[in-house]
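*Asks:* The primary structure of each chain is shown beneath.
Protein chains: 2
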Amino acid sequence: MAYNFPVRDVQYLLNHAAGLDRLRDTGVWEDLSDEFLEAVLGEAGKFADNVLAPLNWESDQNGARLENGKVFTTPGFKEAYSQYVEAGWNSVAFPEEYGGQGLPNTVALAVVDAMQGACISFAMGTMLTTAAVKALLAFGSEEQKRLYLEKLVSAEWSGTMNLSEPQAGSDLANIKTKATPNGDGTYNIKGQKIWISYGDHDMAPNIAHLVLARLPDAPEGTRGISMFLVPKFRVGEDGSIGQANDVKIVSIEEKLGQHGSPTCVMAYGDNDECLGTLVGKENEGLRNMFVMMNAARIDVGMQAASVGEAAFQKALEYANDRPQGRKFGVKSGPAVNIFEHPDVRRNLYTMKALTDASKAICFANMVAYDLARNAPDPEVAAAAKEREELLTPLSKAFSSDRALETTNIGIQIHGGMGFVEETGAAQFFRDVRICTIYEGTNGIQGIDLAGRKLGMGKGKLAYDFIEEALANAEAAIASGDDDLKTAGGHLKREAERLKETTAYMVSAMSTNHEAGLAGATPYLDQFGYVAGGHYLLKGALAAGSEDKYLGGRKHIATFYCENLLPRAGGFAPAVMAGEDSVEELDVELLSA
Amino acid sequence: MAYNFPVRDVQYLLNHAAGLDRLRDTGVWEDLSDEFLEAVLGEAGKFADNVLAPLNWESDQNGARLENGKVFTTPGFKEAYSQYVEAGWNSVAFPEEYGGQGLPNTVALAVVDAMQGACISFAMGTMLTTAAVKALLAFGSEEQKRLYLEKLVSAEWSGTMNLSEPQAGSDLANIKTKATPNGDGTYNIKGQKIWISYGDHDMAPNIAHLVLARLPDAPEGTRGISMFLVPKFRVGEDGSIGQANDVKIVSIEEKLGQHGSPTCVMAYGDNDECLGTLVGKENEGLRNMFVMMNAARIDVGMQAASVGEAAFQKALEYANDRPQGRKFGVKSGPAVNIFEHPDVRRNLYTMKALTDASKAICFANMVAYDLARNAPDPEVAAAAKEREELLTPLSKAFSSDRALETTNIGIQIHGGMGFVEETGAAQFFRDVRICTIYEGTNGIQGIDLAGRKLGMGKGKLAYDFIEEALANAEAAIASGDDDLKTAGGHLKREAERLKETTAYMVSAMSTNHEAGLAGATPYLDQFGYVAGGHYLLKGALAAGSEDKYLGGRKHIATFYCENLLPRAGGFAPAVMAGEDSVEELDVELLSA
Numbered sequence: 001m002a003y004n005f006p007v008r009d010v011q012y013l014l015n016h017a018a019g020l021d022r023l024r025d026t027g028v029w030e031d032l033s034d035e036f037l038e039a040v041l042g043e044a045g046k047f048a049d050n051v052l053a054p055l056n057w058e059s060d061q062n063g064a065r066l067e068n069g070k071v072f073t074t075p076g077f078k079e080a081y082s083q084y085v086e087a088g089w090n091s092v093a094f095p096e097e098y099g100g101q102g103l104p105n106t107v108a109l110a111v112v113d114a115m116q117g118a119c120i121s122f123a124m125g126t127m128l129t130t131a132a133v134k135a136l137l138a139f140g141s142e143e144q145k146r147l148y149l150e151k152l153v154s155a156e157w158s159g160t161m162n163l164s165e166p167q168a169g170s171d172l173a174n175i176k177t178k179a180t181p182n183g184d185g186t187y188n189i190k191g192q193k194i195w196i197s198y199g200d201h202d203m204a205p206n207i208a209h210l211v212l213a214r215l216p217d218a219p220e221g222t223r224g225i226s227m228f229l230v231p232k233f234r235v236g237e238d239g240s241i242g243q244a245n246d247v248k249i250v251s252i253e254e255k256l257g258q259h260g261s262p263t264c265v266m267a268y269g270d271n272d273e274c275l276g277t278l279v280g281k282e283n284e285g286l287r288n289m290f291v292m293m294n295a296a297r298i299d300v301g302m303q304a305a306s307v308g309e310a311a312f313q314k315a316l317e318y319a320n321d322r323p324q325g326r327k328f329g330v331k332s333g334p335a336v337n338i339f340e341h342p343d344v345r346r347n348l349y350t351m352k353a354l355t356d357a358s359k360a361i362c363f364a365n366m367v368a369y370d371l372a373r374n375a376p377d378p379e380v381a382a383a384a385k386e387r388e389e390l391l392t393p394l395s396k397a398f399s400s401d402r403a404l405e406t407t408n409i410g411i412q413i414h415g416g417m418g419f420v421e422e423t424g425a426a427q428f429f430r431d432v433r434i435c436t437i438y439e440g441t442n443g444i445q446g447i448d449l450a451g452r453k454l455g456m457g458k459g460k461l462a463y464d465f466i467e468e469a470l471a472n473a474e475a476a477i478a479s480g481d482d483d484l485k486t487a488g489g490h491l492k493r494e495a496e497r498l499k500e501t502t503a504y505m506v507s508a509m510s511t512n513h514e515a516g517l518a519g520a521t522p523y524l525d526q527f528g529y530v531a532g533g534h535y536l537l538k539g540a541l542a543a544g545s546e547d548k549y550l551g552g553r554k555h556i557a558t559f560y561c562e563n564l565l566p567r568a569g570g571f572a573p574a575v576m577a578g579e580d581s582v583e584e585l586d587v588e589l590l591s592a
Numbered sequence: 001m002a003y004n005f006p007v008r009d010v011q012y013l014l015n016h017a018a019g020l021d022r023l024r025d026t027g028v029w030e031d032l033s034d035e036f037l038e039a040v041l042g043e044a045g046k047f048a049d050n051v052l053a054p055l056n057w058e059s060d061q062n063g064a065r066l067e068n069g070k071v072f073t074t075p076g077f078k079e080a081y082s083q084y085v086e087a088g089w090n091s092v093a094f095p096e097e098y099g100g101q102g103l104p105n106t107v108a109l110a111v112v113d114a115m116q117g118a119c120i121s122f123a124m125g126t127m128l129t130t131a132a133v134k135a136l137l138a139f140g141s142e143e144q145k146r147l148y149l150e151k152l153v154s155a156e157w158s159g160t161m162n163l164s165e166p167q168a169g170s171d172l173a174n175i176k177t178k179a180t181p182n183g184d185g186t187y188n189i190k191g192q193k194i195w196i197s198y199g200d201h202d203m204a205p206n207i208a209h210l211v212l213a214r215l216p217d218a219p220e221g222t223r224g225i226s227m228f229l230v231p232k233f234r235v236g237e238d239g240s241i242g243q244a245n246d247v248k249i250v251s252i253e254e255k256l257g258q259h260g261s262p263t264c265v266m267a268y269g270d271n272d273e274c275l276g277t278l279v280g281k282e283n284e285g286l287r288n289m290f291v292m293m294n295a296a297r298i299d300v301g302m303q304a305a306s307v308g309e310a311a312f313q314k315a316l317e318y319a320n321d322r323p324q325g326r327k328f329g330v331k332s333g334p335a336v337n338i339f340e341h342p343d344v345r346r347n348l349y350t351m352k353a354l355t356d357a358s359k360a361i362c363f364a365n366m367v368a369y370d371l372a373r374n375a376p377d378p379e380v381a382a383a384a385k386e387r388e389e390l391l392t393p394l395s396k397a398f399s400s401d402r403a404l405e406t407t408n409i410g411i412q413i414h415g416g417m418g419f420v421e422e423t424g425a426a427q428f429f430r431d432v433r434i435c436t437i438y439e440g441t442n443g444i445q446g447i448d449l450a451g452r453k454l455g456m457g458k459g460k461l462a463y464d465f466i467e468e469a470l471a472n473a474e475a476a477i478a479s480g481d482d483d484l485k486t487a488g489g490h491l492k493r494e495a496e497r498l499k500e501t502t503a504y505m506v507s508a509m510s511t512n513h514e515a516g517l518a519g520a521t522p523y524l525d526q527f528g529y530v531a532g533g534h535y536l537l538k539g540a541l542a543a544g545s546e547d548k549y550l551g552g553r554k555h556i557a558t559f560y561c562e563n564l565l566p567r568a569g570g571f572a573p574a575v576m577a578g579e580d581s582v583e584e585l586d587v588e589l590l591s592a
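For the protein sequence lines, the chains are A and B, in the order given. Under this note's numbering, read the first sequence as residues 1 to 592, first letter to last. Under this note's numbering, read the second sequence as residues 1 to 592, first letter to last.
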């Protein structure tokens, strides 16, 4: 199958749905013209389509393997990685000072979109390298920056994030890995880490591991965790690669998907010779890690949506190529392609609408992220920061949940062939399955939304968003376009219903946590559907529909509002069902 | 993991939700006491738990393989199969005349439930043998019955169904396999068939293939298809196994799941020496196959729900064993098991509620099936036949769609471990994926519901059901139990909304097919949720809640009505969105 990164669709979403102009208005990125963007995304698309996509199936069938303590990646990955580094795809949003291109993170996210859709197993690794860059940019010492940043910005070296341990997954308070100061500014690191993506591989000469660990005198719980930079090979004063650093790969996981991405169990300091240096201040490791988490969660949301797009393209191609059945009531004659059947088109439009709604949320999220850090007007920056905070759990959870549905439909459209691995439809379904789990399970995203985000200003972040969605709905209703009017009516109804559940949740979380927590996931679901409708409809209103392409975009947006957005209301009773609804039943009698 | 077939839950569903008493009332099965049922299901459960369940993981990792034209099954399958035959599990609902036990199909379905939950790859094979028995019972000649039935009833020999060909999947009108009469009552069969589950294996000495093929002078399309009985080895007059019958296994598929169930590409008559005999009348093969299809579709629905139960049990065990995090707001102290978190309980209750709702629909469906064939009162039988027809697409599609969700949540509860194959949670998710596809894709179930079933009496089947659900809702509202009252309110609202969409669909299907077909899938979704709520609530009302066990059942029912049933309403706008909503867009511009 040929994957084609949909440059035009992405530009449409960036410009019309996500408000890229607001970044242009900051004056920080004066050269960010449509032509420039098209050129960047066009080149990223070429790389994704021609270099990465052809490796995707191979990455599944011939995934990473561990031999004699070393991880070997899928044949072709190493060469593709060199080209990726050479072309500078890793450095899009990083400072020019370290070899970066100084573009907005939003543009980098569009580049991520291209790569993830082509080969998620490959792009998973570079996503973590960019996270490591962000950590060092924010908290690294001058020495750490001098020795590592340029290498990581280019991705000549790669980076990893080491949080989980067997007893500490979602709950990082339980981290036990130890860091003992040596008195010379270095620390001895000792402990086991799990779920380390690209903990080892053969594509880069060195790897910078960011590791959460405890100092000897650290307080218990989350306030006693520090972050350390632990290289695979020690690095000399001149940046040269030195001796191996007592970092052992214990095993790699046999996973449902993403076979090309090695998920490592790591042993640090088995021989007490693992040296690391402190990143940021002592005992602030978790807090610092969470500073990066927002961007990483948006990345994961986009990653999932990107795979959804790839699954959509594959299903669309099949639907236009597979003759089966005739139109309803026609008893004889040749079979028509299944695209001719209304139910198959419903499936395809659902895939595209969910994918683009997810991408629109992620892009709007990253525009807010960039604005929060770059808007000259402090009020604009503060409002953007709030929007970033609100949208992050939605980007992560809604996109990944919907990508499960999208890739699932992709299999369905293929019929029996979809269940046969060789077809490739099932790979998307397997690969994307982890996205609802890592970087904080979607359950935790729900708690983040209900607990932390609604807690800011008694629901202010949510109410501000809802008012914006209502204004958007009113604009659609008043647009004079019948389709947009219908869509606007759906958005208005669902936004109003979201206001009601928001009031319930704000109250519940401040008076009865258990009731609020019981409603957190359906609230997240409901909110996600409304957010998707808001951004797609905003895009359709802003872009107009004067040509066939824009007409198609408008149709996807109105299809979403009429067919998918109403699901939001279906979650509302569950949001408000209260703690009794999930009371603790006798476990022995739950299945008897 | 230990799987335990939940005998008590199944008896509860049979008695209180599905109305097993109506079968007792026919007088046909006078011995069908609760004690007897418990004994049968208890024994089936023991077999499933102790013999089949331990093979499940092995069936995934060490699936069927093709060597030198022969299929070898997972180690242990052969021995388990012998025990299955020996114990008589295949013969539950078949006539005593052929060695069967003469019990209702509903009881056989409960036995199927036990087996499928333990090891779907194993139980898939015997499910097809029972379908072959039904075909021969209904349409076989005396000779065919004499030579085959006893062997197939016991499952000493196995059976297969051969419908699909590469160009004829959902659309069987395109079948090309040829049957040429030899003048002696036999036919030469020639052609290729695909998706043949257990087309070959090493567990039985002979296999009876039921094959759809065309006679030389057959009309085109579906009216020119006949059914043939084609044995793997020819059978002598005395029932002895003779020479091989020119049936070749071309290949077996590498599938996403059900690795233990060989899915074969079959070549019949490559050497023009494949002999078969006609089953039923010429050119009536497809019609006859569809007579069996109803039962097979209910079986598939149950199969999916059974896997959902297994996934639930595994997730429940994990949730009670995995400490992670503290209660909200508690900053220190030991971690609690994740069952303590409201969101995890929501996930678990959702799994169980969807599973039991699905099973309730399937059991009610099979009670109607049995009643239709056994009720002494012709009016009762006719009404039951209508209910059977209505529920069949719901059993098949709702159960399989929901099992995808259930097994998906099962992975989610395991967190990162869920993505690791060794955990086993992912196997359920992979194995069950095919259930939305085979025996007619769920899209086709939607068309069956909207086209054929609503077409009977201008929606009478649906309206009759809705009135029953409304009466049930009123009874719950009037019950004096607050929880049931709330649940009844939800059922009432959703049943009324279903009445509206039903009126729309009945009208659309008779005046504008495209609009009706565009709404078929969301209508099926909506109907399925309402049906699940109806049967669970009916069960809770009938059973009462006087002890802890019944209280738990009631809670699952009311949880469903408050948290999941409202999703039904979320589909209603999509049902009525009309044909414009899925208008044919320019394919080139759908992803650009």
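The set of hints was computed from the structure by calculation and includes no laboratory data. Where is the CB? At the ideal position from N, CA and C, for every residue including glycine. Any given hint could be a false lead.
[Said to hold, decoys possible] Pairwise CB distance ranges (calculated):
1) B:327 x A:464: 26 to 32 Å
2) A:464 x B:467: 18 to 24 Å
3) B:27 x A:321: 44 to 50 Å
4) A:464 x B:320: 52 to 58 Å
5) A:67 x B:551: 29 to 35 Å
6) B:217 x A:8: 52 to 58 Å
*Asks:* If a hint holds in the structure, say so; if it does not, say that too.
*Replies:* Now for the hints, and whether the structure bears them out:
1. B:327 x A:464: 26 to 32 Å: 30 Å, holds
2. A:464 x B:467: 18 to 24 Å: 46 Å, violated
3. B:27 x A:321: 44 to 50 Å: 56 Å, violated
4. A:464 x B:320: 52 to 58 Å: 41 Å, violated
5. A:67 x B:551: 29 to 35 Å: 56 Å, violated
6. B:217 x A:8: 52 to 58 Å: At roughly 55 Å between Cβ atoms, residue 8 of chain A and residue 217 of chain B fall inside 52 to 58 Å, so the hint holds.
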